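First to last, the sequence lines map onto chains A and B.
Going letter by letter, the first sequence gives residues 1 to 357 in the working numbering.
Going letter by letter, the second sequence gives residues 1 to 275 in the working numbering.
None of these hints come from the bench; they were simulated from the model.
It should be emphasised that the depicted structure is a prediction, and the values quoted were computed from it without experimental measurement.
Treat each hint with caution, since some may be false.
As the list claims (entries may be wrong) - Derived pair list, reagent style PhoX-like, types lysine-lysine, alpha-carbon separation capped at 25 Å:
| hint | chain 1 | residue 1 | chain 2 | residue 2 |
| --- | --- | --- | --- | --- |
| 1 | A | K115 | A | K309 |
| 2 | A | K276 | A | K115 |
| 3 | B | K50 | A | K339 |
| 4 | A | K270 | A | K339 |
| 5 | B | K58 | A | K356 |
| 6 | A | K330 | A | K309 |
| 7 | A | K76 | A | K339 |
| 8 | A | K249 | A | K154 |
| 9 | A | K356 | B | K50 |
| 10 | A | K61 | A | K289 |
| 11 | A | K98 | A | K276 |
| 12 | B | K58 | A | K205 |
Said to hold, decoys possible - Some residues of chain B that are not near chain A, with every Cβ distance over 12 Å (derived):
| hint | residue |
| --- | --- |
| 13 | P54 |
| 14 | M59 |
| 15 | L100 |
| 16 | L106 |
| 17 | F146 |
| 18 | S170 |
| 19 | Y173 |
| 20 | A175 |
| 21 | S181 |
| 22 | R217 |
| 23 | L236 |
| 24 | V237 |
| 25 | L251 |
| 26 | A257 |
| 27 | T262 |
Positions of the beta carbon are idealized from the N, C-alpha and C atoms, including for glycine.
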Amino acid sequence: MKQLVQTFAAVLLAAFALMYLTSYLNASQGYTGGDTLTIYNWGDYIDPALIEEFEKETGMKVIYQTFDSNEAMMTKISQGGTTFDVAIPSEYAISKMKDDNLLLPLDPEKLPNRKYIDPRFLNLSFDPDNRYSIPYFWGTVGIIYNPELVGDLKFDSWNDLWDPSLRNQILLVDGAREVIGMGLNSLGYSLNDTDEGHLQETLAKLNQLTPNVKAIVGDEIKMLLANEEAAVGVVWSGDASEIMDDNDKLDYVVPEEGSNLWFDNMVIPKTADNVKGAHRFINFMLDPKHAAQNAEYVGYSTPNAEALKLLPEEISGDERFYPSEELTEKLEVYDNLGKRMLSHYNELFLQFKMFKK
Amino acid sequence: MRADASGTRNLYLVPYLLWIVLFVVAPIVLIVYYSFLDVEGGFTFANYVKFFTPVYMKMTFSSFWYALLITVFSLLVAYPAAYLLTRTRHKQLWLLLIILPSWINLLLKTYAFIGLFGTYGFANALLELTGIGRTQILFTDFSFVFVSVYIFIPFMILPIFNAIEELNPSLVYAARDLGASPWLTFRRVIFPLTLDGVKAGCQAVFIPALSLFMITRLIAGNRVITLGTAIEQHFLVTQDWGMGATIAVFLIIAMAAIMVLTGTKRKAVRDANKR
Chain A
1 MKQLVQTFAA
11 VLLAAFALMY
21 LTSYLNASQG
31 YTGGDTLTIY
41 NWGDYIDPAL
51 IEEFEKETGM
61 KVIYQTFDSN
71 EAMMTKISQG
81 GTTFDVAIPS
91 EYAISKMKDD
101 NLLLPLDPEK
111 LPNRKYIDPR
121 FLNLSFDPDN
131 RYSIPYFWGT
141 VGIIYNPELV
151 GDLKFDSWND
161 LWDPSLRNQI
171 LLVDGAREVI
181 GMGLNSLGYS
191 LNDTDEGHLQ
201 ETLAKLNQLT
211 PNVKAIVGDE
221 IKMLLANEEA
231 AVGVVWSGDA
241 SEIMDDNDKL
251 DYVVPEEGSN
261 LWFDNMVIPK
271 TADNVKGAHR
281 FINFMLDPKH
291 AAQNAEYVGY
301 STPNAEALKL
311 LPEEISGDER
321 FYPSEELTEK
331 LEVYDNLGKR
341 MLSHYNELFL
351 QFKMFKK
Chain B
1 MRADASGTRN
11 LYLVPYLLWI
21 VLFVVAPIVL
31 IVYYSFLDVE
41 GGFTFANYVK
51 FFTPVYMKMT
61 FSSFWYALLI
71 TVFSLLVAYP
81 AAYLLTRTRH
91 KQLWLLLIIL
101 PSWINLLLKT
111 YAFIGLFGTY
121 GFANALLELT
131 GIGRTQILFT
141 DFSFVFVSVY
151 IFIPFMILPI
161 FNAIEELNPS
171 LVYAARDLGA
181 SPWLTFRRVI
191 FPLTLDGVKA
201 GCQAVFIPAL
211 SLFMITRLIA
221 GNRVITLGTA
231 IEQHFLVTQD
241 WGMGATIAVF
251 LIIAMAAIMV
261 LTGTKRKAVR
271 DANKR
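Build out the structure end to end from the sequences listed, making use of the hints.
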């Protein structure tokens, strides 16, 4: 008994000693709240040279951590115990985080470079007046296809996907909003439609697509399409640009009926330790020179109008990733439909998945 | 003195009790609790009502159907394999070789099958070579059952191997001496005496197969939807923890029922554990 207590005490003591030691070591290396900045971002989603430049310019130390889904990121922030100063969630996650009080309002005074952002991308439904977020990159949902394998189809309409010649040739991304949204768009409805009649009509139409669908997959879709496992895929533009880097035979198009417009945005989570540093970082990334450099590295579309002018013509003139004004008009951001509706969307998606060929 | 000794003994029980309460009782209580919550966190029975709608009934049926297929095919492969293993000279070595793949991470093995079964993968190259021509292997029922069987086979072989090892060979000799054909010997002597191993193996395969989820996406391309997939989606995507928990409650009930139905006798459990 006495031994047990002694062992226990020894373990506790050792644990405290280690805790003290790590905080001492961190402090001696400059990892303290005041001059470190913790960034929480998607993997490989920033030019590392920019982090170095930021460190040199400000003398702050940057700790870069990554997540692989908005849900994982939100869970981690809401559980607390973290000190992320800047995070980069997608737009639907932002309205959720706003509702859950997980974000700090931004101070526009400290973000003079905000003026470079294209006004088209400001003041959107997920964050009116951009009180909490600044767009980082944006993109669309569209169709990537192998022109050699699809005959005459050009995919300027979502309805081309229903063509009988594409039997077993389509890969869909495993997202309820994306697939249901595509169905709604193909019928000419808004992808935020909540009318039950329209949704049932969409499900019936999607079920007819089943013979053409080879699989509904997650991140593997990039590998599968690059390996020409299927001729056609419905993907996010960001994934499309990665796939086309691997296999230049493929082409990407956003159908004319319209599609989704998505954003990844910089925010300051409630748990931030270094709010001043976070503003400095966001402003730094908004600088046209830095934004252009980042866009060239990551390959996604920048919302920064001045940065776009600095990009080489082959990037900024690429209509696949910087679609014309006319098409952009038809793109819609996912509204936060509320948990109940979202749950219903997922239920419909599940029914679509279960529909047998 | 005596009271003190039992006091100490009770004290040593504390970690185990704590373990059971924290990691067995508490999670089950939590799951049951969550199953009565709706999306917004209010109390409701709606999840249970929803479970009995055609969508979830169909899903339950298909989960059971695929789990059954996986178990049957695993058994068909594992029983003869285990039987032959006990007849080989270096059986422990062979056994090790069969168990070896289970040391490799499940996800890695699954990813490897995407490559093997792909349109331009090894399997299709072989098919083309033999003149059959390329067919779709990946994202079919076949590939799903095949990969699952491959993953579960070691769990089926081990208990059966142990059961056959336990079998007293003189019983087999006696049956042959008394004029039973090999098939009759197997049917009336060997199989009934190793039935406990078969049951243990079926449990070890059927129950996890019921809640498979990752393979349904990677290998079956979401063309096979099991209860496990639905739980994953409700917890991670929809954030409808209530519905996810409700499905989990039914899975727990189903698993308990299977344990009872295929329950092995006390003696057999002890024998199986000896090895």
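Could you check the structure against the hints above and give me the numbers of any it violates, in ascending order?
When the structure is compared with the hints, numbers 13, 14, 22, 23 and 24 turn out to be violated.
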